[in-house]
Amino acid sequence: MSEAPTFGKQCVLLLCTAEPEQVRQAMSERLSEAGGPLLSVETVTGAEELRETLQVLEERSVPIPLIVMDDALEGGRGDDILLEIHENPRYRATRKLLLSRHSSLEDLTRLLNRGALNTRLKKPAENEELAEAVRKLVTDYFLEQAPGEVEHLSEYFDPRQLSHALVASERLRRDLAAQLRTLKRSFLSVTDLSDECLEEEMIREIDRVLDRPPRETTPAGTVMFREGEPVDKIWIIIEGKVRLSRMAQDKEVVMHMESAGKIVGLLALAQRQTAFYTCRTATELTALPITLEQLDLALQASADLSVYFDTVLIRTLATRVRRSAELQVEVENLNTALSKERDQLAETLDLLQRTQSRLLETEKMATLGLLSAGIAHELNNPISAILRSAEYFAEDLEAIHRLVEGGEQLTERLRAARQLKALPTREERRFRERLGKELNDMALARRLVGIGVYKREEYEALFRGLPAGAREERLKLLERVHKLGTGLRNIHSAAERVTNIVKSLRSYARPDEFSPAFEEIHEGLEDTLLLFGPGLKNVRVERRYGKLPKVECLAAQLNQVWTNLISNSLEAMGGKGTLTIETEAASDGQHVHVRIIDSGPGIPKEVQERIFGLHFTTKQGRVQFGLGMGLSICQRIVNRHGGSIELDSRPGRTCFTVTLPVRYPGESRKKLQRPGTPAQDQQESKHGEAS
Amino acid sequence: MSQQILVLCVEDEQEVRDAIVRDLEPFSGYFQVEAAEDATAAQEVLGETLSKGGLLGLALCDHLLPGETGVDFLVELNKDSRTAAARKVLITGQARLEDTIRAVNEAGLDNYIAKPWKREELQEIVKKQLTEFVLANVEDLLPYVNVLDGVRLLEEVRNRKSDT
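Protein chains in written order, with the numbering used here: chain A, 1 to 691; chain B, 1 to 164.
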């Protein structure tokens, strides 16, 4: 571009004409008048002169807004010269006016097509006509090259031209504004359009711009492109659905189905033309394949299409992003659910393990109960036989006695021996010594006391009437009979004890007990105490039994409670001390209290709080003997009976109070089944949690 | 017999005590067989015997007794110089391993008999233990030749004669 003409700087209007001097002068004046003060008119007559002048003007940097070219010049045709000048970029903007008498269409077309002609006037041109054309071209020039000057120079310019220019610029502004609005609409206004409308608009516009490119129909299940493979076009879906998936650890993961959108292959375009997803048709698909070149062309050709396309694109990507975010959230949720599930599983496992150990415990007790009962039953027969045999021995002996002389005495001794209550060894020795002194025969006294003869008179009565020689014989016989008697007595009492143990064992264990029954609490306590046997030898057992109603319970299970509690007490006392068993009916008439009290050292406060816990351990991490496991079993059994256990302990007096309702809880009663069956175990765990 | 040798049986259950005493009858002509239901009664008998210049030859004890246990009683006997030489036998159904070990270590337990016992077994053990006792503590062995291990006693008698 030539230097912009500025106010006060002279611009030159070149007039090229070979007309005679007079005509040239007149033309120059006219042009000078028309061009105003900005323009001085230089006149050249030939091509050569024109070139020289241009040279000079170029050196002085004088802008040339207008060349008026007569077609007849010295040394060349006007149109050729104009073309030549136009070739020089310096004069591109210079307005070019051709004055010709005859111009062929070809010549003019040549100039016009090169942009080397702005106006052509027919010669001879009217002065007014020429002036007007000049004003218009100059105004044009200035409007284009130095619009800032136009305002100041308006009086010199063609007013119509100016107003035209104004109108044109206004139109331009409006066009620009409209275009801007259109662009804005792409992201704002177009959002009012539904996806369907927008897509329809887009396809309509594509069809218009690309002259309705062919549709493709693909059957369902066809792979349109594969992840990682090159893609050179996009598909605009007209009907049908596609599924977009990616491979993850040898597994195809479907990422988009509903969210795939109407344009597929786009990520491929962004990703250097390799597909990001594998695209498979989910239904029969009608789509519009568009190559990248076509797309480029179409977008350039139509601003509206750009808007539609961009909007559809953004919406598609937004949908996919949303879907991805949803997937992310879904994955998060799944993870959370999974970890929750995992926690639950761990909990369940723990519960199962605890249940199993409980089951084992229950099973063990049931087995023990069954075994005990079995043994007890088996023992009954031999015991009956022993007892019966002893009875018959006695009868047979008495029958024999009746056959011998002095037999009544023998029978009398036998019966006495059978009835004889054994004296403490100490007393026996006292009798022995006294009798020995009286008889002055220690050996005889020993034998006499041995057969239950403690006094001299008794001895004398026994041997009265017998010759001294026969006395030894008689004593020997009496000793034998006495031993038979005490032997029978011992058989009887020993068998009696076994019978009692067997009875207690059976009522203690009760393997056939599946439903609660009304029982005497005291009987269970006594059975339990009896079975402790020698464990109680050094313990003073104090019974403070109150008057109790019968209690609806599972007696064998309660016996387990008594056993555990008493066992704990004995353990705490080191096997020596006082065990108090106290029972009492509650004042409400609905409950009974059983207290197991020992005189042991007491349970430390910090231990008391955890003592019923299943996993109670001492500081060393070892289960304290007799505590913990046993007590948690007690707690569970008592809870199942609807009762409670309380502990009150201080040095010298530790008291476990078991409170039981007279009636077994109704709900549990219905559910009660064989020990160790799941229903009962549930029961157990429910109570276990509540405790 | 120059010196009374006491065979002491401590058992709290009367039927069992009767049975043991009767099992010990073969020895009763030669030894003073006494029964006691607990350690206290046993100490009384023992005191009397010792005060009359007698010796404790054998203590046959149940473990679980009212009051002092059998093992405790045996340990006491072992600590007392007058009774330390006595043979000590535990006859029990309920002694735990720890009790028994203690009896061996602290009471110098000589034998352990589990209930229920057999008469021959008991008599054999008593015979053997009393033989040991008289060999170690009695000068005149001849009176015991018939009731105890005669072969060993006579052999010892010969040995002693050749020594002098």
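A hint or two may mislead.
[As the list claims (entries may be wrong)] With a cut-off of at most 27 angstroms between alpha-carbon atoms, the simulated DSSO-like pairs for lysine-lysine come out as follows: (1) Lys483/A - Lys115/B; (2) Lys79/B - Lys118/B; (3) Lys79/B - Lys52/B; (4) Lys118/B - Lys537/A; (5) Lys115/B - Lys127/B; (6) Lys115/B - Lys576/A; (7) Lys576/A - Lys128/B; (8) Lys476/A - Lys118/B; (9) Lys79/B - Lys537/A.
[Said to hold, decoys possible] Partial selection, computed: residues in chain B whose CB lies under 7 angstroms from chain A: (10) Glu15; (11) Ala41; (12) Leu64; (13) Ala136; (14) Asn137.
[Stated by the list, open to error] Estimated spans, in silico, between C-beta atoms of each pair: (15) Ile386/A - Lys161/B: 27 to 37 angstroms; (16) Pro26/B - Gln409/A: 22 to 32 angstroms; (17) Arg354/A - Ser81/B: 28 to 38 angstroms; (18) Gly108/B - Leu360/A: 38 to 48 angstroms; (19) Thr100/B - Ile386/A: 27 to 37 angstroms; (20) Glu98/B - Arg663/A: 28 to 38 angstroms; (21) Ile375/A - Gln94/B: 14 to 24 angstroms.
Derived from the structure by calculation, the hints contain no laboratory data.
For each residue, glycine too, the CB sits at the ideal point set by N, CA and C.
Hint check results:
Between Lys483/A and Lys115/B the alpha-carbon distance is near 22 angstroms, which keeps this suggested pair within the 27 angstroms criterion. For the hint linking Lys79/B to Lys118/B, the alpha-carbon distance of about 31 angstroms lies beyond 27 angstroms, and the restraint is violated. Our distance criterion of 27 angstroms between C-alpha atoms is met by Lys79/B and Lys52/B, whose separation comes to about 21 angstroms. A C-alpha spacing of about 25 angstroms is found between Lys118/B and Lys537/A, which places the hinted pair at or below 27 angstroms, so the restraint holds.
Under the criterion of a C-alpha separation no larger than 27 angstroms, the hint pairing Lys115/B with Lys127/B is consistent with the structure, at around 19 angstroms. At roughly 24 angstroms between alpha-carbon atoms, Lys115/B and Lys576/A fall within 27 angstroms of each other, so this suggested pair holds. Distance restraint check for Lys576/A and Lys128/B: the Cα-Cα separation of roughly 36 angstroms exceeds the 27 angstroms cut-off, and the hinted pair is therefore not satisfied. Distance restraint check for Lys476/A and Lys118/B: the Cα-Cα separation of roughly 25 angstroms lies within the 27 angstroms cut-off, and the hinted pair is therefore satisfied.
Only pairs whose Cα atoms come within 27 angstroms are accepted, and Lys79/B paired with Lys537/A is accepted, the gap being roughly 25 angstroms. Because the closest C-beta pair between Glu15/B and chain A is about 4 angstroms apart, less than 7 angstroms, the hint holds. A least Cβ separation of about 5 angstroms between Ala41/B and chain A falls short of the 7 angstroms threshold, and the interface hint therefore holds. For Leu64/B, the interface hint holds, the least distance from its beta-carbon to any beta-carbon of chain A being 4 angstroms, beneath 7 angstroms.
Of the supplied interface hints, the one on Ala136/B is violated, with its beta-carbon coming no nearer than about 28 angstroms to a beta-carbon of chain A, more than 7 angstroms. This hint is violated: Asn137/B has a C-beta 23 angstroms from the nearest C-beta of chain A, more than the 7 angstroms allowed. With their beta carbons about 53 angstroms apart, Ile386/A and Lys161/B fall outside the hinted range of 27 to 37 angstroms. Separated by about 28 angstroms at the C-beta atoms, Pro26/B and Gln409/A satisfy the suggested range of 22 to 32 angstroms.
Against the hinted window of 28 to 38 angstroms, the Cβ-Cβ separation of Arg354/A and Ser81/B comes to about 59 angstroms, which falls outside the hint. A hinted range of 38 to 48 angstroms for the beta carbons of Gly108/B and Leu360/A is consistent with their spacing of about 44 angstroms. Here the CB-CB span from Thr100/B to Ile386/A is close to 31 angstroms, well matched to the stated 27 to 37 angstroms. Judged by the Cβ atoms, the range 28 to 38 angstroms given for Glu98/B and Arg663/A is violated: they are separated by roughly 46 angstroms.
With their beta carbons about 18 angstroms apart, Ile375/A and Gln94/B fall inside the hinted range of 14 to 24 angstroms.
Of the hints listed earlier, those the structure fails to meet are numbers 2, 7, 13, 14, 15, 17, 20, in rising order.
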